[in-house]
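A.B. asks: Just need the whole structure built from these sequences, with the hints factored in.
2 protein chains.
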Amino acid sequence: MSIKIALLGYGNLSRGVEAAIKQNADTELVAVFTRRDPSSVSLKTEGVPVLNVSEIESMKDDIDVLVLGGGSATDLPEQTPKYAKLFNVVDSFDTHARIPEHFSNVDKAAKEGGNVGIISVGWDPGMFSLLRMISNAVLPEGNDYTFWGKGVSQGHSDAIRRIEGVKDARQYTVPIEAAVEKVRSGENPQLTTREKHLRECYVVAEENADKAYIEEQIKTMPNYFADYDTTVTFISEEELKEKHSGLPHGGFVLRSGVTGNNKENKHIIEYNLKLDSNPEFTGSVIVAYARAAYKLSKEGVSGCKTVFDIAPTYLSSQSPEELRAHML
Amino acid sequence: MSIKIALLGYGNLSRGVEAAIKQNADTELVAVFTRRDPSSVSLKTEGVPVLNVSEIESMKDDIDVLVLGGGSATDLPEQTPKYAKLFNVVDSFDTHARIPEHFSNVDKAAKEGGNVGIISVGWDPGMFSLLRMISNAVLPEGNDYTFWGKGVSQGHSDAIRRIEGVKDARQYTVPIEAAVEKVRSGENPQLTTREKHLRECYVVAEENADKAYIEEQIKTMPNYFADYDTTVTFISEEELKEKHSGLPHGGFVLRSGVTGNNKENKHIIEYNLKLDSNPEFTGSVIVAYARAAYKLSKEGVSGCKTVFDIAPTYLSSQSPEELRAHML
Chain V
225 MSIKIALLGY GNLSRGVEAA IKQNADTELV AVFTRRDPSS VSLKTEGVPV
275 LNVSEIESMK DDIDVLVLGG GSATDLPEQT PKYAKLFNVV DSFDTHARIP
325 EHFSNVDKAA KEGGNVGIIS VGWDPGMFSL LRMISNAVLP EGNDYTFWGK
375 GVSQGHSDAI RRIEGVKDAR QYTVPIEAAV EKVRSGENPQ LTTREKHLRE
425 CYVVAEENAD KAYIEEQIKT MPNYFADYDT TVTFISEEEL KEKHSGLPHG
475 GFVLRSGVTG NNKENKHIIE YNLKLDSNPE FTGSVIVAYA RAAYKLSKEG
525 VSGCKTVFDI APTYLSSQSP EELRAHML
Chain Z
225 MSIKIALLGY GNLSRGVEAA IKQNADTELV AVFTRRDPSS VSLKTEGVPV
275 LNVSEIESMK DDIDVLVLGG GSATDLPEQT PKYAKLFNVV DSFDTHARIP
325 EHFSNVDKAA KEGGNVGIIS VGWDPGMFSL LRMISNAVLP EGNDYTFWGK
375 GVSQGHSDAI RRIEGVKDAR QYTVPIEAAV EKVRSGENPQ LTTREKHLRE
425 CYVVAEENAD KAYIEEQIKT MPNYFADYDT TVTFISEEEL KEKHSGLPHG
475 GFVLRSGVTG NNKENKHIIE YNLKLDSNPE FTGSVIVAYA RAAYKLSKEG
525 VSGCKTVFDI APTYLSSQSP EELRAHML
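Chains V and Z are the protein sequences, given in the same order. Residues 225 to 552 in the working numbering are what the first sequence lists, from first letter to last. Residues 225 to 552 in the working numbering are what the second sequence lists, from first letter to last.
Treat the hints with care, as some may be off.
When chains are identical, the list treats them as one kind, so a pair holds in a single copy or across two.
Each computed BS3-like pair below joins lysine-lysine, with the alpha-carbon atoms no more than 30 angstroms apart [as the list claims (entries may be wrong)]: (1) Lys374 with Lys420; (2) Lys443 with Lys335; (3) Lys519 with Lys335; (4) Lys246 with Lys332; (5) Lys465 with Lys306; (6) Lys487 with Lys519; (7) Lys374 with Lys391; (8) Lys487 with Lys374; (9) Lys246 with Lys406; (10) Lys228 with Lys487; (11) Lys374 with Lys284; (12) Lys332 with Lys519; (13) Lys467 with Lys284; (14) Lys228 with Lys335; (15) Lys467 with Lys374; (16) Lys406 with Lys420; (17) Lys406 with Lys374; (18) Lys332 with Lys391; (19) Lys435 with Lys420; (20) Lys519 with Lys443; (21) Lys467 with Lys309; (22) Lys268 with Lys335; (23) Lys268 with Lys443; (24) Lys374 with Lys228; (25) Lys522 with Lys335; (26) Lys522 with Lys332; (27) Lys420 with Lys268.
For the record, the hints were derived by calculation from the structure and aren't laboratory data. The model shown is predicted, which means the values in this text are computed figures rather than measured ones.
C.D. replies: Dropping the structure here:
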């Protein structure tokens with residue numbers, strides 16, 4: 225009896241979930257739904273149907289958890305509440321400012337449907353949030369630091385691609401070692417945006433494009449690059465493909481706090497991720513929370529949950545007895 | 225309305241809990257119970273009574289959570305079940321092999337009393353267990369590594385003090401950097417005990433003691449030192465007091481795993497603690513779990529719990545709404 229998981233959408237993230245399902249013996253991929261022509265979608269798992277999203281309701285009794293692979297800008301605000309009425313769902317909604325509103329919409333829908341909806345699952349939001357929250361509870365007097373990278377930012381890569389004369393681009397977010405070391409040493413520095421991260425851009429220009437113009441457009445782009453030290457390197461299409469086709473990422477969350485009757489003792493908690501594949505790691509986290517959604521639903525729980533609301537034992541395929549004997 | 229916490233015992237750990245309570249506005253120390261003469265115990269918190277343990281039952285209605293500061297060898301196996309009948313309790317039971325039995329005893333007693341008993345709270349077991357468990361659920365194919373230190377091992381320091389001719393001693397457990405780097409690089413090494421940690425001993429000898437004999441006794445001591453590379457440095461009592469009176473500790477838990485259809489992508493999760501004061505950090509973790517015991521009990525929950533069973537939100541003094549808005 226495995227947990228029957230379906231996917232809505234088949235982008236990078238969904239493919240990461242698909243790969244993770246294969247590594248978890250208690251989970252099974254039962255369907256992929258798409259808004260495209262199903263015949264144009266080819267899965268990496270044999271024997272699993274690709275169906276048009278219009279057929280999703282007819283599969284209601286065959287799916288334990290629906291994973292929503294869409295984007296936070298337009299897909300998830302609409303899809304997660306919609307499908308939480310019909311299924312237990314998990315999404316990776318990552319627009320931090322809109323989480324309270326999204327939670328409220330999903331909570332209402334999930335309660336109506338008697339389902340569990342877990343939102344904002346992944347590593348940030350997700351694992352990083354969990355570590356920030358727990359570390360704050362343990363060390364209430366202190367400072368939080370989050371660094372991202374070295375890793376590919378797809379949003380920043382896309383922003384470069386929209387510049388005239390750019391054929392393709394890849395942007396790496398790079399934490400600045402000097403800042404990281406200050407935090408790790410317990411100095412509690414105040415750090416500006418520019419002091420925390422660099423932005424490294426690898427750009428393939430179209431033939432005869434004005435490279436000086438492209439570089440200027442990147443470096444002065446508000447929100448994305450203007451507040452950072454940014455390097456721009458023009459490379460060939462072949463080099464981009466060869467050296468920059470992966471989606472590595474990672475980063476670290478630090479909590480620097482004090483204890484003692486005179487606050488004389490310092491403590492540093494660091495959670496550090498080095499990920500060869502951002503979507504595959506995110507997909508792996510999602511599968512663990514899909515398991516939690518399934519177990520909670522079996523216990524009669526309904527409504528919207530986040531990583532804060534779920535006891536860790538629900539994430540594991542092992543029994544509480546096994547976990548106590550081997551992991552505690 | 226703060227959470228009323230009492231302590232049983234007043235050793236290093238209890239003093240760490242006492243200091244942490246002062247940093248958490250929603251908690252309050254209401255009593256310390258001791259098996260000694262109460263007049264011999266002087267607290268760091270004004271206005272809190274020190275009482276003989278025989279009076280503990282009479283305080284039943286004035287205490288929300290009793291924290292057990294005793295040792296795992298003889299105190300906690302008896303005390304935690306005994307007091308779980310009367311109070312919500314938290315302990316730091318750390319004899320890994322006996323956790324299943326301890327859980328079972330505390331569970332029975334806590335259910336009888338309608339109380340919550342949280343066992344094995346601290347950083348190992350505790351935070352390290354939590355990270356091991358979650359990281360295994362997220363990356364089911366991989367290897368676990370735990371390194372401790374650099375930090376003072378009180379058990380090993382005590383073992384040295386029992387050798388003839390030793391006046392005082394301090395033992396540091398030191399992770400071996402070369403081994404750590406292999407793990408961080410994703411090599412998945414097989415590591416022997418000797419390859420993972422060094423043991424550094426600072427020893428104050430009695431006048432005219434046979435130092436060669438002491439050094440030999442330390443280095444060949446089974447279980448404690450024989451399987452490690454151990455250094456022994458004789459120092460004066462003054463130097464021990466000046467340079468080695470703190471109780472720093474720390475360490476890191478690593479999970480090295482793979483994902484992908486061909487398991488081609490590596491991921492490293494690292495949780496790293498650098499602690500100036502082992503008992504104060506442990507005490508800080510305990511206060512967060514005392515808050516959880518209180519909240520769970522208010523919801524009508526009873527029985528024994530571990531860090532695996534408790535949703536992170538229970539650890540925080542912030543509301544779920546605040547946590548979602550600011551920490552997710």
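A.B. asks: All the hints need checking, so say for each whether the structure fits it.
C.D. replies: Status of the hints after comparison with the structure:
1. In this homomeric assembly, Lys374 and Lys420 come within 30 angstroms of each other (Cα to Cα) both inside a single copy, at 12 angstroms, and across copies, at 28 angstroms.
2. For the homomeric pair Lys443 and Lys335, neither the shortest alpha-carbon distance inside one copy (47 angstroms) nor that between copies (63 angstroms) is at most 30 angstroms.
3. For a Cα distance limit of 30 angstroms, the shortest separation of Lys519 from Lys335 qualifies both inside one copy, at 16 angstroms, and across copies, at 23 angstroms.
4. With identical chains, the CA atoms of Lys246 and Lys332 are never at most 30 angstroms apart, being 32 angstroms at best within one copy and 39 angstroms at best between copies.
5. Proximity of Lys465 to Lys306 under the C-alpha cut-off of 30 angstroms is found in neither arrangement, the shortest distances being 38 angstroms within a copy and 66 angstroms between copies.
6. Taking CA atoms no more than 30 angstroms apart as the test, Lys487 paired with Lys519 passes between copies only; the shortest distance there is 27 angstroms, against 42 angstroms inside one copy.
7. In this homomeric assembly, Lys374 and Lys391 come within 30 angstroms of each other (Cα to Cα) only inside a single copy, at 23 angstroms, whereas the closest approach across copies is 51 angstroms.
8. In the homo-oligomer, the alpha carbons of Lys487 and Lys374 lie at most 30 angstroms apart only across protomers (21 angstroms), although the nearest pairing inside one protomer, at 34 angstroms, exceeds that limit.
9. Taking the shortest alpha-carbon separations for Lys246 and Lys406, only the inter-copy value of 28 angstroms comes in at or below 30 angstroms, while the best intra-copy value is 41 angstroms.
10. Proximity of Lys228 to Lys487 under the C-alpha cut-off of 30 angstroms is restricted to the inter-copy arrangement: shortest distance 22 angstroms between copies versus 51 angstroms within a copy.
11. Taking the shortest Cα distances, Lys374 and Lys284 never come within 30 angstroms of each other, neither inside one copy (41 angstroms) nor across copies (54 angstroms).
12. In this homomeric assembly, Lys332 and Lys519 come within 30 angstroms of each other (Cα to Cα) both inside a single copy, at 20 angstroms, and across copies, at 25 angstroms.
13. When the C-alpha separation of Lys467 and Lys284 is checked against a cutoff of 30 angstroms, the pair qualifies neither within a copy, at 43 angstroms, nor between copies, at 67 angstroms.
14. Taking CA atoms no more than 30 angstroms apart as the test, Lys228 paired with Lys335 passes inside one copy only; the shortest distance there is 21 angstroms, against 35 angstroms between copies.
15. In this assembly of identical chains, the alpha carbons of Lys467 and Lys374 lie at most 30 angstroms apart only when taken from the same copy (15 angstroms versus 38 angstroms across copies).
16. Within a single copy, Lys406 and Lys420 get their C-alpha atoms as close as 11 angstroms, and across copies as close as 27 angstroms, so both meet the 30 angstroms cut-off.
17. Taking CA atoms no more than 30 angstroms apart as the test, Lys406 paired with Lys374 passes in both settings, with 18 angstroms inside one copy and 19 angstroms between copies.
18. In this homomeric assembly, Lys332 and Lys391 never come within 30 angstroms of each other (Cα to Cα): the closest approach is 44 angstroms inside a single copy and 67 angstroms across copies.
19. When the C-alpha separation of Lys435 and Lys420 is checked against a cutoff of 30 angstroms, the pair qualifies only within one copy, where the shortest distance is 27 angstroms, while the shortest distance between copies is 52 angstroms.
20. In this assembly of identical chains, Lys519 and Lys443 lie within 30 angstroms of each other by CA distance neither inside one copy nor across copies; the values are 48 angstroms within and 51 angstroms between.
21. For a Cα distance limit of 30 angstroms, the shortest separation of Lys467 from Lys309 qualifies neither inside one copy, at 44 angstroms, nor across copies, at 63 angstroms.
22. Taking identical chains as interchangeable, the C-alpha atoms of Lys268 and Lys335 are never at most 30 angstroms apart, the minima being 34 angstroms within one chain and 49 angstroms between chains.
23. Proximity of Lys268 and Lys443 under a CA criterion of 30 angstroms is satisfied in neither setting, with 39 angstroms inside one chain copy and 56 angstroms between copies.
24. Taking the shortest alpha-carbon separations for Lys374 and Lys228, neither the intra-copy value of 35 angstroms nor the inter-copy value of 46 angstroms comes in at or below 30 angstroms.
25. Taking CA atoms no more than 30 angstroms apart as the test, Lys522 paired with Lys335 passes in both settings, with 14 angstroms inside one copy and 24 angstroms between copies.
26. When the C-alpha separation of Lys522 and Lys332 is checked against a cutoff of 30 angstroms, the pair qualifies both within a copy, at 19 angstroms, and between copies, at 25 angstroms.
27. Proximity of Lys420 to Lys268 under the C-alpha cut-off of 30 angstroms is found in neither arrangement, the shortest distances being 39 angstroms within a copy and 40 angstroms between copies.
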